[in-house]
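Residue-level listing of the chains:
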Amino acid sequence: MISSIGLIISWLCLLNLIILLVSDDKFRIQLLIRLNLLLNFLLFCILEIALFIDDFSISYVANYSAKSTPPVYKFASLWGSLDGSILLWNLVLGAYFLIYIKYYKKTTNSADIKIFTTIIIFFTSYTIFSSSPFAGCIELASVGCQSSSLLPFQDLVSSLEGRGPNPLLQNHPLMAIHPPILYFGYIGLVLPFVITTSYFFRKDTSSNWVQLASNSTFYPWLFLTAGITLGAAWSYEVLGWGGYWAWDPVENVSFIPWLLATAFLHSSKTQINESTLLNWNYFLGGLMFLSTIFGTFITRSGVLISVHAFSNGNIGVFLLSGLAFFTLFFVYSGSKNIKYFATSKKIKYIFGKSSFFIANNILLFVSALIVFIGTIYPIFYETLYQRQLTIGRTFFDILIGPILIMLIFLMIFSTKITVKNINFNKWLQTNLKIINSSLILTIFFSYVYQLNYLSILTLFGSTMLVITILLNLVQKKTLHKIKGSYWSGQIAHLGIGLFAVGLLLNVSQSYSDEFITSEGSIITFGNNNYMIEKSYEVRRDEKDVINLPIKSNDKYKNASLNIFRNSSQQAISSPAIFRDLESDTYVTIKFIDANNYKLIFRKNYGILIMWMGLALSTLSVIPRIRANEK
Amino acid sequence: MKNRYTLGILLIVLLLLPNLYEDADSRFESWSKNLLCPVCQGETIFDSPSEYADDMRSILREQIDKNLSDDEIYTYWVSRFGERIITNPQNRNFEIILIPLILSIFFIAIFIKKVLK
Chain G
1044 MISSIGLIIS
1054 WLCLLNLIIL
1064 LVSDDKFRIQ
1074 LLIRLNLLLN
1084 FLLFCILEIA
1094 LFIDDFSISY
1104 VANYSAKSTP
1114 PVYKFASLWG
1124 SLDGSILLWN
1134 LVLGAYFLIY
1144 IKYYKKTTNS
1154 ADIKIFTTII
1164 IFFTSYTIFS
1174 SSPFAGCIEL
1184 ASVGCQSSSL
1194 LPFQDLVSSL
1204 EGRGPNPLLQ
1214 NHPLMAIHPP
1224 ILYFGYIGLV
1234 LPFVITTSYF
1244 FRKDTSSNWV
1254 QLASNSTFYP
1264 WLFLTAGITL
1274 GAAWSYEVLG
1284 WGGYWAWDPV
1294 ENVSFIPWLL
1304 ATAFLHSSKT
1314 QINESTLLNW
1324 NYFLGGLMFL
1334 STIFGTFITR
1344 SGVLISVHAF
1354 SNGNIGVFLL
1364 SGLAFFTLFF
1374 VYSGSKNIKY
1384 FATSKKIKYI
1394 FGKSSFFIAN
1404 NILLFVSALI
1414 VFIGTIYPIF
1424 YETLYQRQLT
1434 IGRTFFDILI
1444 GPILIMLIFL
1454 MIFSTKITVK
1464 NINFNKWLQT
1474 NLKIINSSLI
1484 LTIFFSYVYQ
1494 LNYLSILTLF
1504 GSTMLVITIL
1514 LNLVQKKTLH
1524 KIKGSYWSGQ
1534 IAHLGIGLFA
1544 VGLLLNVSQS
1554 YSDEFITSEG
1564 SIITFGNNNY
1574 MIEKSYEVRR
1584 DEKDVINLPI
1594 KSNDKYKNAS
1604 LNIFRNSSQQ
1614 AISSPAIFRD
1624 LESDTYVTIK
1634 FIDANNYKLI
1644 FRKNYGILIM
1654 WMGLALSTLS
1664 VIPRIRANEK
Chain S
466 MKNRYTLGIL
476 LIVLLLLPNL
486 YEDADSRFES
496 WSKNLLCPVC
506 QGETIFDSPS
516 EYADDMRSIL
526 REQIDKNLSD
536 DEIYTYWVSR
546 FGERIITNPQ
556 NRNFEIILIP
566 LILSIFFIAI
576 FIKKVLK
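So the protein sequences, as listed, match chains G and S.
Position 583 of the first sequence, counted from 1, bears residue number 1626 in our numbering, the numbering being contiguous throughout.
Position 18 of the second sequence, counted from 1, bears residue number 483 in our numbering, the numbering being contiguous throughout.
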């Protein structure tokens, strides 16, 4: 029953969008966009209801949820796998459509509406013609559903119990917020795509398209930053490996749009101020969204294997054809405006404001390029040599590390740059006290932490960055005169500076050790003692949890082993984390029986500083809101 | 002016600083950071708590104790698990670093030529 309702509403949704595509009446367009959002919201609610009442006649529910799944994770199961996540994708896309016409539509022409509608039609058709989360189950598997039908009113079969979500996805409530926030980031990048292509398609380059595109990129950028941070935090809190970023393909393809969006936020400023970089801004404005689709293709089509990858038969072909279509349209719209691009002014001052923005763009784009190559190279290698290859942390350390350091030094100049060439002598004169005090701090901490040259350089840059911006914030002389986006940038930079300090501590200082121990013994690790108590087992509906209480400085934390009933996968080891500003002590269970506990103790430096830095970067939204810049 | 002298002295101190202490991974550490545990998802045997990684670590420990050359260690692991367990393939397949470098330089050159007067 629910299956049929869902499928029929999906069809209505498509019908509604097709009418929208051919409508020219303003009022009707407004109405249909709201109707689209409403229908998508309905679909979302219906699938949630199906998940909560355990309607196992729906294939998706049978395969990715179970009766024993706790409510939070039932709710999150909607985006726990591909078909459902497309539903969330469409809902967010619908929401952005409404946001677009409310805040960013500055033209009376309806080309933008048509482009936007085409994009939504594209994703909606996937749920109708290829694979729908509402598909009814027509053949049972031993657990869950074997095959399903996309037609409504079929004779459906229903299993008694579902397979349940992937254990990794039901071990921490962060799973309920990390993906939707990330989606708001990814999908928001459709706004600059629609704005750039629609303006250029109509050869309407007189209006300030870049300002509009730039403003519309900020909030998606914010969601991307928050989403990626939450993902890293989730990985650290749940997976028990002590890390937060593995240069896994799915992480990489979330990082590429972030890098491009960051680059665009800066390059658009240059154009607004000096009408340079016209073609580059057009290129970036569209590329952000295209890179999102490309990323989805890479990770969802099954061409790459990774922790996050869930693949599904047709999605690869589908996304690739969409990517080709949108790219062609993007190139076509651009090619109509060759003459306009030729009016782009050149940079006069090599050490002026624009050059700093250009240097920033070069570094960010090159990073995106490197991450892109690092992600897809294994595919080429396998095709060429029939052998698999792993491109991992060392590759990115070598290539991205130096770029991060250069970016930090560039950001120091962001507090105050002149349009004309900067006078380095004068700059040195005014900043000498800051430089010297940063050097003293750097020498002190480099000695304490015994840092190598690369770390010293990073520490010096980020210390100076943090001091410069803090002083700038305290002095505040120009606060009321300058636009919100300036202070927004300053806070984001301050956050990145803090993040870099945490990151370098983490990379250079962390260490670990392994202990075989038993109840009642005391372990000395770092400068602390850890008392190991008696382990106990908790049986829940969906899993068995073995908890091991550990006591240090009167604080109790549980390290635990989660064994999920519906899964053949390895047990998940959740850490006990004793947090500190400087370092975390991170304890995971490796092996446990009645008498012997094998534990891994990790000292992870800088984690809290990193989270604080990234959180600060997302707070960069506040000056914008205060200045009421959309 | 006095501040400038201070700057110079501080810079020299900073440059000499890392010579005051030893900073190097042991050979075992750097090798274990460069081998992926084949049954864990994307973790090196340095990071991974699994039994499998344990066994691999003890074999590696033996190899290092016997003072096998890097080539011998490489051949041993690659012949058993394939190239995919090596996390720093760029050491042998140098094109992995070269391709992004050349592309980046190419991009930067064009970009600068286009925007600068």
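Check the hints yourself; a few may be wrong.
What the hints assert, rightly or not - Calculated lysine-lysine pairs in the DSS-like style (CA-CA distance at most 25 Å, straight line):
#	chain 1	residue 1	chain 2	residue 2
1	S	498	S	531
2	G	1391	G	1476
3	G	1388	G	1469
4	G	1145	G	1526
5	S	498	G	1379
6	G	1646	S	498
7	G	1391	S	467
8	G	1389	S	467
9	G	1469	G	1459
10	G	1476	G	1389
11	G	1382	S	578
12	G	1463	S	579
13	G	1379	S	578
14	G	1641	S	579
15	G	1469	S	531
16	S	467	G	1388
17	G	1391	G	1463
These are computed hints drawn from the structure, not numbers from a lab.
Each hint, compared with the structure:
1. Note on residue 498 of chain S and residue 531 of chain S: the hinted pairing holds, with a Cα-Cα distance of about 19 Å set against a maximum of 25 Å.
2. Distance hint between residue 1391 of chain G and residue 1476 of chain G is unfulfilled; the C-alpha atoms sit about 31 Å from each other, more than 25 Å.
3. Annotation: proposed proximity of residue 1388 of chain G to residue 1469 of chain G is violated, straight-line Cα distance about 28 Å (limit 25 Å).
4. Between residue 1145 of chain G and residue 1526 of chain G, the direct Cα distance comes to roughly 23 Å. Compliance with the 25 Å bound is thereby established for this hinted pair.
5. The hinted pair formed by residue 498 of chain S and residue 1379 of chain G fails the criterion: a straight-line CA distance of about 52 Å is larger than 25 Å.
6. A C-alpha spacing of about 17 Å is found between residue 1646 of chain G and residue 498 of chain S, which places the hinted pair at or below 25 Å, so the restraint holds.
7. Proposed proximity of residue 1391 of chain G and residue 467 of chain S is contradicted: the alpha carbons are some 35 Å apart, above 25 Å.
8. Among the hinted pairs, residue 1389 of chain G with residue 467 of chain S is inconsistent with the structure: their alpha-carbon atoms are about 41 Å apart, more than 25 Å.
9. A distance of roughly 13 Å separates the Cα atoms of residue 1469 of chain G and residue 1459 of chain G; the hinted pair therefore holds under the 25 Å criterion.
10. Distance check on the hinted pair: residue 1476 of chain G and residue 1389 of chain G sit about 35 Å apart at the alpha-carbon level, beyond 25 Å; violated.
11. Restraint check: the Cα-Cα separation between residue 1382 of chain G and residue 578 of chain S comes to about 19 Å, which is no more than 25 Å; the hinted pair holds.
12. Proposed proximity of residue 1463 of chain G and residue 579 of chain S is supported: the alpha carbons are some 19 Å apart, at most 25 Å.
13. With a C-alpha separation of about 23 Å, the suggested pairing of residue 1379 of chain G with residue 578 of chain S holds against the 25 Å cut-off.
14. Restraint check for residue 1641 of chain G and residue 579 of chain S: the C-alpha separation of about 61 Å exceeds 25 Å, so the hint is violated.
15. A distance of roughly 60 Å separates the Cα atoms of residue 1469 of chain G and residue 531 of chain S; the hinted pair therefore is violated under the 25 Å criterion.
16. For the suggested pair residue 467 of chain S and residue 1388 of chain G, the alpha carbons sit about 43 Å apart, so the restraint of at most 25 Å is broken.
17. A threshold of 25 Å between alpha carbons decides the hint, and for residue 1391 of chain G with residue 1463 of chain G the separation of about 8 Å falls inside it, so the pair holds.
Checked against the numbered hints given earlier, the structure breaks hints 2, 3, 5, 7, 8, 10, 14, 15 and 16 and satisfies all the rest.
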